[in-house]
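Going down the list, the sequences are from chains B and C.
Residue numbers are given in the UniProt record's numbering: position 891 of the first sequence equals residue 891, and the series is strictly consecutive.
Residue numbers are given in the UniProt record's numbering: position 466 of the second sequence equals residue 466, and the series is strictly consecutive.
Hints are not guaranteed to be accurate.
For identical chains, the list gives no copy identity; a pair is met inside one copy or between any two copies.
[What the hints assert, rightly or not] In silico BS3-like cross-links for lysine-lysine, where the CA-CA straight-line distance does not exceed 25 Å:
id, residue 1, residue 2
1, K112, K308
2, K209, K346
3, K938, K641
4, K647, K66
5, K432, K308
6, K628, K641
7, K308, K116
None of these hints come from the bench; they were simulated from the model.
There are 2 protein chains.
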Amino acid sequence: MNALLPILVFATLAFTTSADNVPPKCTWQNCPKTEPDQLNVHIICHTHDDLGWLKTVDQYYYGSQKQITEVGVQYILNTVVKELEGHPDRRFSYAETGFFWRWYMNQHDFVKHQVKKLVNNGQLEFIGGGWAQNDEAASHYVAIIDQMTLGLGKLNQTFGECGRPKVAWQIDPFGHSREQASLFSQMGYEALFFARIHYLEKEARLRNKSLEFVWNGSDDLKTNILTGSFYNDNYGPPEGFCFDALCGDDPIMDNPKMEGYNVDKKVNDFIAFVKEQASHQRTNHVMVLMGSDFQYTNADWWYSNLDKLIRFVNEKQSTAKVNLFYSTPSCYVQAINAAGPKLPSKSDDFFPYASANHSYWTGFFSSRPTFKAFVRQSSALLQVCKQLDTNADLGPADYGDLNILMNAVALSQHHDAITGTAKENVTRDYEKRLFRGWMEGEQVINDAAAKLMAKNPETSVPKQVFCPLSNISMCEVTKTNGQFVVTVFNGQARVKNITIRIPYYWRAATVNDFNGAAVSAQVIKTFAPAYQLANTNASPYELLIPVQVGPLGFASYFVSNKTSERSASRGEADFMELETLVIEDYIENAEASSREQIRDPIVLQNELIELTFDASGLVSKFTDLKSKLSVPLTQEFLWYKGYGADKNEQLSGAYIFRPNGTMPIRVTNQVTAELITGPVVNEVRQTFSPWVSQVIRLYKGKPYVEFEWTVGPIPKEKSNPITKEVITRFTTGISNAGVFYTDANGRQMVTRTRNQAAMYRYENTEPVAANYYPVNSRIYIKDDHVQMTILTDRSQGGASLADGQMELMIHRRSFFDDGFGVDEALDEPGDDGRGLVARGRHWLLIAPPAKSASLHRQLAYDLFYTPILTYTPLTATIDQYRATFNTQFSGLRQPLPDNVNLLTLEQWERRSLLVRLEHMFQNGEDRELSQPTTVNIKNLFTTFDVVSVRELTLGANRELKSSAEHFGRNMNRWDTRNRWKEQTNIELNPMQIRTFQIEVQRKPTFHHAQ
Amino acid sequence: MNALLPILVFATLAFTTSADNVPPKCTWQNCPKTEPDQLNVHIICHTHDDLGWLKTVDQYYYGSQKQITEVGVQYILNTVVKELEGHPDRRFSYAETGFFWRWYMNQHDFVKHQVKKLVNNGQLEFIGGGWAQNDEAASHYVAIIDQMTLGLGKLNQTFGECGRPKVAWQIDPFGHSREQASLFSQMGYEALFFARIHYLEKEARLRNKSLEFVWNGSDDLKTNILTGSFYNDNYGPPEGFCFDALCGDDPIMDNPKMEGYNVDKKVNDFIAFVKEQASHQRTNHVMVLMGSDFQYTNADWWYSNLDKLIRFVNEKQSTAKVNLFYSTPSCYVQAINAAGPKLPSKSDDFFPYASANHSYWTGFFSSRPTFKAFVRQSSALLQVCKQLDTNADLGPADYGDLNILMNAVALSQHHDAITGTAKENVTRDYEKRLFRGWMEGEQVINDAAAKLMAKNPETSVPKQVFCPLSNISMCEVTKTNGQFVVTVFNGQARVKNITIRIPYYWRAATVNDFNGAAVSAQVIKTFAPAYQLANTNASPYELLIPVQVGPLGFASYFVSNKTSERSASRGEADFMELETLVIEDYIENAEASSREQIRDPIVLQNELIELTFDASGLVSKFTDLKSKLSVPLTQEFLWYKGYGADKNEQLSGAYIFRPNGTMPIRVTNQVTAELITGPVVNEVRQTFSPWVSQVIRLYKGKPYVEFEWTVGPIPKEKSNPITKEVITRFTTGISNAGVFYTDANGRQMVTRTRNQAAMYRYENTEPVAANYYPVNSRIYIKDDHVQMTILTDRSQGGASLADGQMELMIHRRSFFDDGFGVDEALDEPGDDGRGLVARGRHWLLIAPPAKSASLHRQLAYDLFYTPILTYTPLTATIDQYRATFNTQFSGLRQPLPDNVNLLTLEQWERRSLLVRLEHMFQNGEDRELSQPTTVNIKNLFTTFDVVSVRELTLGANRELKSSAEHFGRNMNRWDTRNRWKEQTNIELNPMQIRTFQIEVQRKPTFHHAQ
């Protein structure tokens, strides 16, 4: 074998030398020749590689667990590269950088070189290029931008210009959001393609030749993008032309002497297909996708047959007038742009998606509620960690690996991850990865703490640990230490004033702040409904501490179970005997009498709000104490019976929400309620049933009502179990006339109208499910006087099915598969197998419409940027601790303006940093805050000064030419020059996000400065 | 794309030039380095590609019909070549030329060049190399030699020396024949490998470290061959190491950070496996097969993982002492030969094969009896066509394509074809291909007729047509023409004196021979049991004509339904009123009385034999009228109930014969018999049941009894159908003491002993099935005085389960699958769906042992070389016809000696011919005929003279160095020189076959000579 090696090396050199002599031509500079007088058929060879679904991402990568499905991404990329090599006409388009990068890093240099050549000669094109193909309903825009930046960055650093995707590729997500279109436009994509649109909209677009159109992604930004929805069903090949191992279609059998010779039939069928397709499109170009889920594990099968198809179809070119060739999406876009058809435009979105009249994909908006929350919190943690990484200037000598968290958060945006539509085991794997990300995040925090907390670099900082189970009132540090320090990290660019909640094991606590000053805290009995937390080691108490943390900063608080010598009066938080109004008696009476008869209803209030409860224990009225605005308000829990059992029907499942009837069932009429008051929080604790409870809170000085619901285990009948879709429903007197508003990916708001669609004639086959929309961060209804807004802590489905009413689906348990491939019921076992218990928060705002945006915009960020808490035992006195360690830090010299968010602060290539600033408001939302604003970032930061800046596209993979040239159809709108500027004043228009690579001058590290 | 083309061409040239500078090194000249102090593990990458089984050969080639199995040979070869390219350590071994050739011919020159390079550098090794991997039980040696010659010839003409397989590879056939081993040795193979041996022999060989041994393939020829039976079950990879898409095993997951990292486990498991294997073998080399049925459709999956396995195992080399590398069978053989272990020897065979104690693979000996007969007849047709092709010197200008017949006959030798173990549809496909072969054969005969029959080259010869349905008494030409010519073609190298049988539609016929002389023929009423031929258009009569045809020749006979003017007396054959002795009365009596009471039994006789029937209508006595030797003889039909229904048991099916009990059931006790006599044949027609009938014939002057049985449709019960295995049983008084003899592939005889095995301790778990052996052409028993021999017209299973008795299984209908993959019951529907009707012949010989061989050896050739009949209407007088056309031809100037067969006469490369001569007898079989003999071929033939000869190995792919050097373990025993000799005297020792390429001097074509 060794004898041959020199030959191969020689050949390699031959390749190298020759290839290097030719300047790289990216795909779009090297497009196949088209024929003006023929139907040009762009054959797009592609695969769709889910980063987890039926198998975990690793199982898919390696191709293990073949009994589930015999596919392996390593083989796809291995074989595709071999098929492209030596066949310069063949092309391939690949989308998922999360897989590609893993594969590429495992290749030998020889293969890496081959791949670069294929990218440079236009045979291999990256499309999409995010780490995953993120979901568009449930993914938050912060996470979308992060995951796109991660994927695009890998491509950029490896392949440069030719590795930059020009076409966004969202072929599988179950509906498409307007914000996503806007983000793609801002990332510099030329076009966006996808497959799944509402079946009625598809019919309309086929009729009107408007499968391709210009999508206006934002009312605030001119983010138009050429958008194409595919002609064929989904994103697979025409029927009869799937040449993958996974398909049943016959290959092209071209030996006329053999059984089954089928060239004539295949050619005729194909020509008929593309001609039919062309009759629904506006140019003489059509794109035919060849490939589908995990196809090309044996690329040879595809190319062997496509070579023949192309040859045989083109042999008929003189009569058929069809010109068939391998192409890529960017070449197709180039051809379309050159043809310049007049295209229709669109400015709504593609929610909800329905594949048939009873198949509304609105269940996944709420599927797996705890996982959705975990993803959201992990994204918040990631922001804090990236900031700390930057501010502490961490590097290879440190221990934490931020990539693990970054990759896990990116991965979880995948459209079968955050959606809840992966198998149970696969979801566990996502959780495990996120958990590992948290472990690394904890390490990054410790690495940063070593630099930012220690006043003397030689001092070792006590280990900071998370209490990941604190949401179910468990924490090892607070349990085993009478005295401890809790440090609160704030990822927001403004001062955070919030109340933290700590599992606590003593009846009394003394709390001191970072300055040693006593803090008025509150010890409260843990509210843990027995059945819901059956096997809990929940702490008996919770400690509530109001804290204040500077922008991008942290602050440490000291807790002791002893009465502090110095400040017993102020710092001491005693267990409050419950001022409980037990209303069980009333309930019994209520059943026999009307509500009006009940005396002494519970009233919950703080300085701003009064919430009145009726005799059934439910909220009945909201009063704004300042304005005296008072509205009737009811909040209750109900559940829809999901379609189940009848296998011939569309059932409710992980994807689909299909209630059996329109009237949900009330969980109970008997609510047990207790009122608890204290210096920090006043709350009403409601028990609806063994599986539904809630705490309604008014925090001191806060303008919202917090509803912390706990739902589960949703009961499962022993025989003939009934799928249950649980909602929380808020009812007021607001006359919203069928109109409501939901956010798109936590950013711009989209107007929804009940029983109506913008682009097609709505058919009311599913009166409930068809009116559900994704709620990423908020939903509101309003009339001229009042707006009721609900902020969510995770993505959920929501609707306004009756005027004055809003509902959010907070949990669901389905006992049947809904037939879209996952082949499992969405029946989450929870920790103990009895069924998942979910807990979450809604923040309710009721205010005049003109004032509402200023509240919900800012509070949404408060809710998103969950404070990150670390704990450490306190083994010295507070003074000793304070003398040794910094107990407070801020990354900013001053908070940003109230309408600006620091979206990104992270280390970037070659010691530069990446910064994104965004305007938080839409045009016209708020008289003041919707105005343009300016931030000078030069001396904004505490650990560095900005030397120069270079503006990038949103995906950070290209320099932005100028904002004037920002949008349009120009294929070459980026400079390749490095245009660094010293101009650091950044102007922001409503909804604008600006992305900068910045060169900085580091200041002496923090502990040196102190 | 065009811009890149020059680079690739340049690179190609670089490859080409460099590769061409290195003299080719075949695999065995370029073997991997082995380590003397380690366990050397030869990784053999291979696939096993059945030429039809669950899918047709075309479906397998293209990979269509994926719902049956997702495999396609084109993809295997496509991807393997790509995987070998650029990885000089990787190797692959490929066996089936039938697939390889088809693929290779469809490749572009670039790929062909690549493949040649891979063959020349030892990466791609051909093993086996026949057109298919022929069955060893049912294939006749003539067909085996033809199919091997076809496959090896393609490899030879394409790749030369490096394309010549050195290792025979029969990994799947269900048992192994001694004759096959002998043939392989004569073909020059260094070694033979296979997988399937009797489970008890496997156990014994594992115990004795004798999986590898030297097999003595012949008592007459010194054809020893190194033989290896595989260690692992069948021919697949070790458990857990099947990396194909078809397997469930996990890939090697080598990223320690990822879920499912399994390198340590895989490495340890593998080392444990090979060490265990090594403990059962005699050298420090083991062969581990990586691949199985249709594996490597995605070769990348295999090589990606094997690369890792080799790397990780070898990383442990210093401690584990295991050296892992890609190798090939020939390199393994080279290593074994170098190690020179003392190996045991064997001289019996591997029949019957049993995979478990109730799983005897002896059913397939008889499965699909009509297909087996069709294959046999097609092989005979092929010989005639090749001879005519040669004698008429046909070429590209002629119309027939002999390759189609040649390929079809070769294909049908495949071990799932002739065995009857393919699915019904696939078997239909084989039949269709054979039928197409017959069509081409007909054309070749017409092409040859144009040259050999026409006295004037301008005269067009009337079209000769086959009557393919004449075996069920149907023929269009004889039906629609009162006068016609029938031409009889003789493939034997001696004068053929036989009686032909023609469907006939008139009560009288006048027959004249090629000279115009009247022939005494016989018109006989067709015997067609109503139920068996329900929808028949059978002719009412059959015309029997005794004919005489010269060696390799033809002779035309003239038939007229009018009484001939000239020779009314001699040439006229009138319908004989049946001289029938209806014995139905006797049967009725017989039931009430004993057989002795019956008077006037039927006696059937000719000049040589008298056959007496008893009152039940069965044969009761055989008398040799010359020697007065008289023996009791009974022949009857019975059937075994096959195991069925109980899915937990081993059932009887296509492969397996498992009777439920040892006692077969007699078809009937009531036989209706009629005696018919005439000038040509005397016969008794027996009706046993609606589905079993028989004609027993004595032809004028012939020393054997012909039993023409017709069986079917075997009844199927409406509910709980019972599998039926039908036998014909012959019982005499011969005291054979448990010993009987069956042929191996129609050639050497093998001694069988009831309830005994040579190499292991026999266990009598299947008293019937375990004593069944393949009968290709004959079976006999004998004692000191008498030998009873039965010649068969096709392959069948046979046994002697009691002394004096022999049985042959002639038909079987199973209603259950037997669990070995074909997944269909062997329930042949026949033409009308009621079940297959089979008809066949046995020739019975009873003679003293010393005289028997001379009879059965020669008669077996008579039976094999079925006369080929063509028909044409006679539109002129006989004299006119004779004046215009040659009515007689012989390819030989004189017949060959009685003990020599002309095995092959066909056109060979560059206008040369291929000739094989064989000695027909074994040593000691016959006092005279077993002697060595000599034939001078110089002036033997009528259409050419032999100029010079060059002796080749049996497979005709190499020159034979010298007969003295013919056998042994020398890896380089062939010359590459062309040693042409003028010495044309060919000496033949018993059983010897000699193969010659001959250069000839053509004589003026036949019609010119006349």
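Evaluated hints:
For the identical chains of this complex, K112 and K308 are inter-copy neighbours only, at 18 Å across copies versus 29 Å inside a copy, given an alpha-carbon limit of 25 Å. For the homomeric pair K209 and K346, the shortest alpha-carbon distance inside one copy (14 Å) is at most 25 Å, but the shortest distance between copies (78 Å) is not. Within a single copy, K938 and K641 get their C-alpha atoms no closer than 57 Å, and across copies no closer than 96 Å, so neither meets the 25 Å cut-off. Taking the shortest alpha-carbon separations for K647 and K66, neither the intra-copy value of 27 Å nor the inter-copy value of 28 Å comes in at or below 25 Å.
For a Cα distance limit of 25 Å, the shortest separation of K432 from K308 qualifies neither inside one copy, at 46 Å, nor across copies, at 27 Å. In this homomeric assembly, K628 and K641 never come within 25 Å of each other (Cα to Cα): the closest approach is 40 Å inside a single copy and 97 Å across copies. Taking identical chains as interchangeable, the C-alpha atoms of K308 and K116 lie at most 25 Å apart only when they sit on different chains, with a minimum of 24 Å there against 27 Å within one chain.
Hints 3, 4, 5 and 6, counting from the list given before, are not met by this structure.
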